[in-house]
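Visitor: As you go down the protein sequences, you meet chains A and B in turn.
Quick note on numbering: my numbering labels position 83 of the first sequence as 639, and the sequence is numbered without any gaps.
Quick note on numbering: my numbering labels position 111 of the second sequence as 124, and the sequence is numbered without any gaps.
A few of these clues could be false.
Claimed, not checked - If the Cβ cut is set under 10 Å, some of the chain A residues that face chain B in the computed set are:
| # | residue |
| --- | --- |
| 1 | 607 |
| 2 | 648 |
| 3 | 651 |
| 4 | 654 |
| 5 | 674 |
Rather than coming from a laboratory, the hints here were simulated on the basis of the structure.
Please read all numbers here as calculations on a predicted model, not as lab measurements.
Ideal Cβ placement from N, Cα and C applies to all residues, glycine included.
Here's the letter readout for the chains.
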Amino acid sequence: MGGSIPESLIDTPLDFDALKKVGAPMGAGALMVMDEDTDMVEMAKFFLTFLTNESCGKCVPCREGIRQLLKILADICDGKGKKGDIEVMEEIAEVMSAASLCSLGKTATDPLRGTLKYFREEYEANIH
Amino acid sequence: MGDITLEIDGKSVVAKEGTTVLEAARSADIFIPTLCHNEMLEPYGGCRLCTVEVESRGRKKLVVSCLYPVEPDLVVRTRTEMVDKVRKLILEFLLAHAPDSVPMNALAAEYGAKKDRFAKEASFCILCGLCVRYCAEVKKRNVIGFVDQGAKREINFIPELAGQYCWDCKECFPLCPTSYLQAAYHLTHAIAFPSLPLEKASIGV
Numbered sequence: 557m558g559g560s561i562p563e564s565l566i567d568t569p570l571d572f573d574a575l576k577k578v579g580a581p582m583g584a585g586a587l588m589v590m591d592e593d594t595d596m597v598e599m600a601k602f603f604l605t606f607l608t609n610e611s612c613g614k615c616v617p618c619r620e621g622i623r624q625l626l627k628i629l630a631d632i633c634d635g636k637g638k639k640g641d642i643e644v645m646e647e648i649a650e651v652m653s654a655a656s657l658c659s660l661g662k663t664a665t666d667p668l669r670g671t672l673k674y675f676r677e678e679y680e681a682n683i684h
Numbered sequence: 014m015g016d017i018t019l020e021i022d023g024k025s026v027v028a029k030e031g032t033t034v035l036e037a038a039r040s041a042d043i044f045i046p047t048l049c050h051n052e053m054l055e056p057y058g059g060c061r062l063c064t065v066e067v068e069s070r071g072r073k074k075l076v077v078s079c080l081y082p083v084e085p086d087l088v089v090r091t092r093t094e095m096v097d098k099v100r101k102l103i104l105e106f107l108l109a110h111a112p113d114s115v116p117m118n119a120l121a122a123e124y125g126a127k128k129d130r131f132a133k134e135a136s137f138c139i140l141c142g143l144c145v146r147y148c149a150e151v152k153k154r155n156v157i158g159f160v161d162q163g164a165k166r167e168i169n170f171i172p173e174l175a176g177q178y179c180w181d182c183k184e185c186f187p188l189c190p191t192s193y194l195q196a197a198y199h200l201t202h203a204i205a206f207p208s209l210p211l212e213k214a215s216i217g218v
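Chain A extracted, bound-state conformation (with noise of 0.2 Å):
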């Protein structure tokens, strides 16, 4: 599904291997420029939304992995966030991308992955 690079990263090459090497897979080769008013906790939403329509619900990991997700990230743009929120997400990404059937559910956390990398602070600014 791709990741998400901050500004800095701007340089780096268009290419299958370098963007691998910085934590954002090249996905399905869309590129999406975003600002600095963008939420990427709303965007990691967004991406899980989109994920979750398109999974075919038959292997657990995916289907409740993403479920699971998709409650946490809502309420940490409700600004609801747990102290620990973060961990379990990472928790189920790991999960996700090795016990999935297919490749959806092996790379639907890549854009989590890449915002959790990048943008932590704007997941912290939402846990209390």
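Following the hints, position chain B against chain A.
Guide: Then chain B, alone, in the frame of chain A:
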């Protein structure tokens, strides 16, 4: 169909070509937990609980043992840190739907899964598909099936077919790892055939 020798948890196991790692492990009394597996049915790979680590030609990866075929010199590890982590989280996901399931609670104790980690969602069904596949593969009726997708996926009886076949069958009921299936049938029954007394349809499972 020659015999293949592989290693599971340090134990040398001989299995027939074309069989799965899960079958090989069970033949050697090595326990791998499953929720969607049943020997009467084709392997499904939906619950992912039987995930194990395999090492082949120096490369390690996680696979589901119910689908992965045995190969010569394969090294299988059924209890690595990552395998246990996957199983624990899967059980915690599913216990949010079916907190009273007896087989899942037994496994939760083994893997340290906490049943109240995720908020309860009283859907009861864990979508293992045992009923759906039993009806399709063994009975060849397709009375019950999956509808919708992603988080909205659920099982549903087709009322017209249920009225025709389920009354005298109900063989899928004991396969259910939760108590949801009978409830779904009774609901279908009540909606589709309100004139028939419900107690006639109940069975003592």
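Visitor: Now, for every hint given, state plainly whether the structure supports it.
Guide: The hints, checked one at a time:
1. 607: 8 Å, holds
2. 648: Because about 7 Å separates residue 648 of chain A from the closest Cβ in chain B, which is inside the 10 Å limit, the hint holds.
3. 651: With a closest approach of 5 Å, the residue 651 of chain A hint holds.
4. 654: Hint on residue 654 of chain A: holds, closest Cβ of chain B at ~5 Å, below 10 Å.
5. 674: Violated - the Cβ of residue 674 of chain A stays beyond 10 Å from chain B, reaching only about 25 Å at its closest.
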